[in-house]
Amino acid sequence: MASTAVSYKCPSCDAPLAFTPKNGKVTCEYCGTEFEADVIEQLFSKKEEEAAKQQAAEDAKWERRAESGEYSQDEIDAMRVFTCSSCGAELVADDNTMATECCYCGNPTMLPSRFTGDIRPDFIIPFKLTKKDAVAKLKEFYKGKDLLPDAFTANNRVEDIQGMFVPFWLFDTTANASAVYNATSDAVVTTSDEIITTTSHYRLDRSATMAFERVPADGSNRMQDEYMDSIEPFNYDEMVPFSSQYMAGYLADKYDVTAESVEPRITQRIESTCCDMLSDTTSGWDSCEEENHFVIKENGTISYAMVPVWILTTRYQDKPYTFMMNGQTGKMVGALPTDEDKKSSFFRKDFLMAAAISGVLIGSLAWMIGFI
Amino acid sequence: MKMKKIYSLLLAFVFSVSAICSIAAVSPNTVFAAPNQQKTAQAKQQNNSPRKKAKIGKCVIDQTGTLSSSDLQRIDNALLENSEKSGAILCVAILNQGLNEKGIGAYANNFADKCAKSNGKGAIVFVQDVKSRKWYIATDKKMKPALGKDSTDNKQHVEYISTDIVPHLKSNDLVKAYSTFAVKAGELAEFYNRTGDAMTVVDTTIEKIVIAIVALVIGYLYASARRSSRVAAMSNVATAAGASDYLNQGSFSLYASNDSFLYQTVTVVPRSKSDDSSDGDMSFSSSDGDHGGGGGSY
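Respectively, the protein sequence lines represent chains C and Z. Numbered per my numbering, the first sequence finishes at 372, counting up by one with no gaps. Numbered per my numbering, the second sequence finishes at 1298, counting up by one with no gaps.
Misleading hints may appear alongside valid ones.
Unchecked claim - Some chain C residues near chain Z, calculated using beta-carbon distances under 7 angstroms:
#: 1; residue: R214
#: 2; residue: Y227
#: 3; residue: S272
#: 4; residue: S358
Derived from the structure by calculation, the hints contain no laboratory data. Just so you know, even glycine gets a beta-carbon here, dropped at the ideal spot from N, CA and C.
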């Protein structure tokens, strides 16, 4: 019987394969054999097709199992059972999982039914940075944080590191933006008795077109929008047409937030930038306030891409702290705990230092000009 | 008592000489004032008002002759009393010559030197010119340190003496004006003779408190700003506000840009006129290596 999942195993030694960011090839962790991406794609495309078909058949069985009443309808909707093609174990994955690893044999496992047909991503940005890089970046992230508790860094161990491909929607559009501003220009004449200010009021009309390319918004409910916004930007020059071989060794989820759902966020961001651009053309006035603006988006297209993210989890005082790193650029984002004692101590030191210095400076100045 | 008598006699002698010189137009100012100016002043005096006879007390010369005998006596008493207490000679001259700043300063310096020379003590004098409405406080060389070490100190000490005098000059209450001079100048002279240092005349307590409060506020603001920046540095998670990273920079095309004039408004604000100086402020000085002091107008 064909498997519902495809394990990326080395054709020569059967050991797990993983994508290596350093050389952009798929490498066997055991015998060290390196494979080009297209070779791996050819090798496994047939298996992936078979796995997808088998999954379709399995889904029917799963429906029957659901009727037994052992799972709630929500659980049934969220779970799927796959068979590991390496060891034959049954893998349970949620409805969005595209790539995972077998919890029994550790083999990187693809679930082709999640990235075939209409839901196949258009692009993928391969991982450029390794797990080691992520740990180093996290340590670097701690540096210069005066309020970080000493115990956090001293006893800190990264509990979990996961390389994950996060689904993103990329929006291309041409914006046709118009704005109206109320501006004033002052002419001041000073006589011996009075100051005469003549204010001329103007209405400014500005219209412009501008093109936005691949404005990103994550399509995953699991990932917090603020974190995903914060790891931007991405270098799209390194983005390639989707190929599952880049996901070998990493986790991957398919989107569970539709493009229509994230469109308001994208619209807001595009409008904000349009307003900034138009506002930049109104310099030279004594005052200028926007009255209203309109942004019409034209020629909009949406593409679906998988972007690399390292997720690092650590624990401090029984509370988990999650950090995320852009797997392409290395930008680390996260929120660190704050030591309240340090906060007070720094405040006291800063206060005393600034008060003493300013007191001496002002006192000296006052003494020099004869104020005291 | 003997000493007091001798002292009084000497003073009387000095003032008598000065008064005679002044009346005979050989007063100290003739040394410094231009002859034409002197003549013009005298001519004007003769034309406009009948000349009043100059009055001379033990410590006061009144060229204007406006002081009553009792007022003259009261001023004399105040000056003598404080001169005795302080160990310095305190004298007053009231002129009617229309002297300018330089002229009144030179007159006062000369007057102070003459007063001091008479008995070897230091002198502090007050000269008032009722015609030009100027006043001047001068010391001789010996009493100069009583007004401080430098020009800033000198100014502060002159203002310390004059602040309470000038309002009385304005209201023509000369008894109060010169009694005040006697007290304040005597105070400075007494302190100097006792300690060898100029008295501290400026109370800077409020200024120091203000500086301390300003320093504390600056300290608080700085510490708060630093705290905010430290707290902000602990997290870099934020919602993206714009999409400028994804704007195709070459694609921006401004196809309409119209500035339409609507209307005009005019605002007129009267300029505030600042007061040049307050009562008693020193506005000029003829102090030199041998004299301290300064003067102003009222």
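Numbers of the earlier hints that this structure fails to satisfy, in rising order:
none
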